[in-house]
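The task is simple: from the sequences and hints, build the whole structure.
2 protein chains.
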Amino acid sequence: MEIKLAQKYGFCFGVKRAIKIAETNKGSVTLGPLIHNPKEIKRLKQEFDVDTQEDMLKTPEKQNVIIRTHGIEKKTKEALREKHFNLIDATCPYVAKPQEIAQKMSDSGYKIIIFGDANHPEVKGVGSYAKDPIIINSLEKLTRIPIPNKIALISQTTAKPQEFSKIASHLAQNCKETRIFNTICSATFENQQAIDELSKKVDIVIVVGGKNSSNTKQLLSIAKKNCNDSYLVEDETELDMTWFDGKKTCGISAGASTPDWIIENVTRVIRQV
Amino acid sequence: MEIKLAQKYGFCFGVKRAIKIAETNKGSVTLGPLIHNPKEIKRLKQEFDVDTQEDMLKTPEKQNVIIRTHGIEKKTKEALREKHFNLIDATCPYVAKPQEIAQKMSDSGYKIIIFGDANHPEVKGVGSYAKDPIIINSLEKLTRIPIPNKIALISQTTAKPQEFSKIASHLAQNCKETRIFNTICSATFENQQAIDELSKKVDIVIVVGGKNSSNTKQLLSIAKKNCNDSYLVEDETELDMTWFDGKKTCGISAGASTPDWIIENVTRVIRQV
Numbered sequence: 001m002e003i004k005l006a007q008k009y010g011f012c013f014g015v016k017r018a019i020k021i022a023e024t025n026k027g028s029v030t031l032g033p034l035i036h037n038p039k040e041i042k043r044l045k046q047e048f049d050v051d052t053q054e055d056m057l058k059t060p061e062k063q064n065v066i067i068r069t070h071g072i073e074k075k076t077k078e079a080l081r082e083k084h085f086n087l088i089d090a091t092c093p094y095v096a097k098p099q100e101i102a103q104k105m106s107d108s109g110y111k112i113i114i115f116g117d118a119n120h121p122e123v124k125g126v127g128s129y130a131k132d133p134i135i136i137n138s139l140e141k142l143t144r145i146p147i148p149n150k151i152a153l154i155s156q157t158t159a160k161p162q163e164f165s166k167i168a169s170h171l172a173q174n175c176k177e178t179r180i181f182n183t184i185c186s187a188t189f190e191n192q193q194a195i196d197e198l199s200k201k202v203d204i205v206i207v208v209g210g211k212n213s214s215n216t217k218q219l220l221s222i223a224k225k226n227c228n229d230s231y232l233v234e235d236e237t238e239l240d241m242t243w244f245d246g247k248k249t250c251g252i253s254a255g256a257s258t259p260d261w262i263i264e265n266v267t268r269v270i271r272q273v
Numbered sequence: 001m002e003i004k005l006a007q008k009y010g011f012c013f014g015v016k017r018a019i020k021i022a023e024t025n026k027g028s029v030t031l032g033p034l035i036h037n038p039k040e041i042k043r044l045k046q047e048f049d050v051d052t053q054e055d056m057l058k059t060p061e062k063q064n065v066i067i068r069t070h071g072i073e074k075k076t077k078e079a080l081r082e083k084h085f086n087l088i089d090a091t092c093p094y095v096a097k098p099q100e101i102a103q104k105m106s107d108s109g110y111k112i113i114i115f116g117d118a119n120h121p122e123v124k125g126v127g128s129y130a131k132d133p134i135i136i137n138s139l140e141k142l143t144r145i146p147i148p149n150k151i152a153l154i155s156q157t158t159a160k161p162q163e164f165s166k167i168a169s170h171l172a173q174n175c176k177e178t179r180i181f182n183t184i185c186s187a188t189f190e191n192q193q194a195i196d197e198l199s200k201k202v203d204i205v206i207v208v209g210g211k212n213s214s215n216t217k218q219l220l221s222i223a224k225k226n227c228n229d230s231y232l233v234e235d236e237t238e239l240d241m242t243w244f245d246g247k248k249t250c251g252i253s254a255g256a257s258t259p260d261w262i263i264e265n266v267t268r269v270i271r272q273v
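Top line first, the protein sequences correspond to chains A and F. Taking my numbering, the leading residue of the first sequence gets 1, the next gets one more, and so forth. Taking my numbering, the leading residue of the second sequence gets 1, the next gets one more, and so forth.
Hints listed in this document are in silico derivations from the structure and should not be mistaken for laboratory results. A few of these clues could be false.
If chains are identical, the list can't say which one is meant, so a pair holds when it fits in one copy or spans any two.
Quick list of in silico lysine-lysine cross-link-like pairs, BS3-like style, CA-CA up to 30 Å [unchecked claim]:
1. K8 to K45
2. K74 to K131
3. K75 to K176
4. K74 to K150
5. K176 to K111
6. K150 to K176
7. K8 to K150
8. K217 to K141
9. K166 to K111
10. K39 to K20
11. K201 to K4
12. K176 to K20
13. K176 to K16
14. K16 to K150
And the structure:
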């Protein structure tokens, strides 16, 4: 079988960086899972003795504590420092940026509006750097509250650019001064665009990723629009060889939480079909 | 005839302020016409000896020079200072604000985008405070140029809020950091809203203003939508008494460049019908 990989797929820059940090700090503890992929977390435990703890403050002191990709709340970071943990920051730089902006703009007297999901750890972390931030997940919510005079708008890194821009538009008309920081990371959309192009050119598409991962499911749904024979597998054991009957070219992509080694295992098996 | 004045009409705050400044500085010279209304300029000359000069730098030195409502270019202001004129600033405060912003943001490394008419004296003045500003009168123009990383967006005071907001929306999606200063003045739109309401409640509408004034013509066109018997006059001598036959209530509004004394003359004549 001829294999065609999507131009962009799998781990984003921030996740790759976090894993490298974990691998080079054997025996560390991460506060919450480093990334949302149990198989990769298990591998880090087995090969690098990197453990996961949910509540660091209740665990005994340990030398190295890795802060995960989504970042953590300011007060938690401060509490960790007070306990004299050695903090290793694996917060994605694209997440650290809105944290910095939230702090700086809030200190400068701007009201912080975060466009994102209030329950997402990234948004909780970013919001913790501002004084009473307004967190909205839709323009509609913004139309129901009074608009302050000086606003700084930031965004969850995975927010939709079109929605973000609608909010900016509303603020431009209703606020004297708005500072807009486009903190959206393009990785998710690049993966989606890549599978959209790839799936038009192949006979079958395999998407590798967690069945509960929403970004993986989105990739599958985009592929299916262009190629009926599109399937989602968590690893190579889930491949059904009859799928490939009469096919010549297989396109492969992977969700943002799928490590390269799983993708490579899947690719190796398909190549031999 | 019963008279109903529009809730908002005629001179805006900045024009009223400029005329008061001229009246309290007898014998001054204004650089270019203080406002765009020849009858009012003539009155200021006759009653307050306030003269108009087009090119101050070619005229002999004189004590008091009034800067008109639209403001002037920075280099002209500097040249006037060098010539030791006594500058009296009648620049509308709503125009002085974007001038300040342009200077400050340009000095701070932001590329200035002005939404407005490049040939309008206000926009020329504001632009002169920035380093190589980009002046656009439509979103379309913005899509044809490369977008810098740090932008400060300001607006001509009379720009349309909806268009301004579309530009803000485009920048939010395509620029890392955008500072949006809503420098639109609401006076024009308030006059339009007021005549829209008034013209639904009266038998005849008289709009007082220059026949070449675009904002006056806009008022007439809004009135005509609601009341067929709507007329535009430059002063009381243009009133045709047959218009009022069988009418009970007359609504009156005026363009932004129409002085109160002309409106009062018109009103006095109509009241006696």
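Going through the hints against the structure:
1. K8 to K45: Answer is within; shortest intra-copy Cα gap is 28 Å, inter-copy 72 Å.
2. K74 to K131: within (12 Å within a copy, 39 Å between copies)
3. K75 to K176: between (32 Å within a copy, 28 Å between copies)
4. K74 to K150: Cα proximity of K74 and K150: in one copy and across copies (23 Å, 28 Å).
5. K176 to K111: both (12 Å within a copy, 19 Å between copies)
6. K150 to K176: Close inside one copy (7 Å) and across copies (19 Å); limit 30 Å.
7. K8 to K150: Between copies, since 28 Å is at most 30 Å while 38 Å is not.
8. K217 to K141: within (27 Å within a copy, 39 Å between copies)
9. K166 to K111: Both. Shortest intra-copy (18 Å) and inter-copy (22 Å) distances satisfy the 30 Å Cα cut-off.
10. K39 to K20: within (16 Å within a copy, 77 Å between copies)
11. K201 to K4: Intra 9 Å, inter 71 Å, cutoff 30 Å: intra-copy only.
12. K176 to K20: Result: close only across copies, 28 Å inter versus 45 Å intra.
13. K176 to K16: Result: close only across copies, 24 Å inter versus 41 Å intra.
14. K16 to K150: between (37 Å within a copy, 29 Å between copies)
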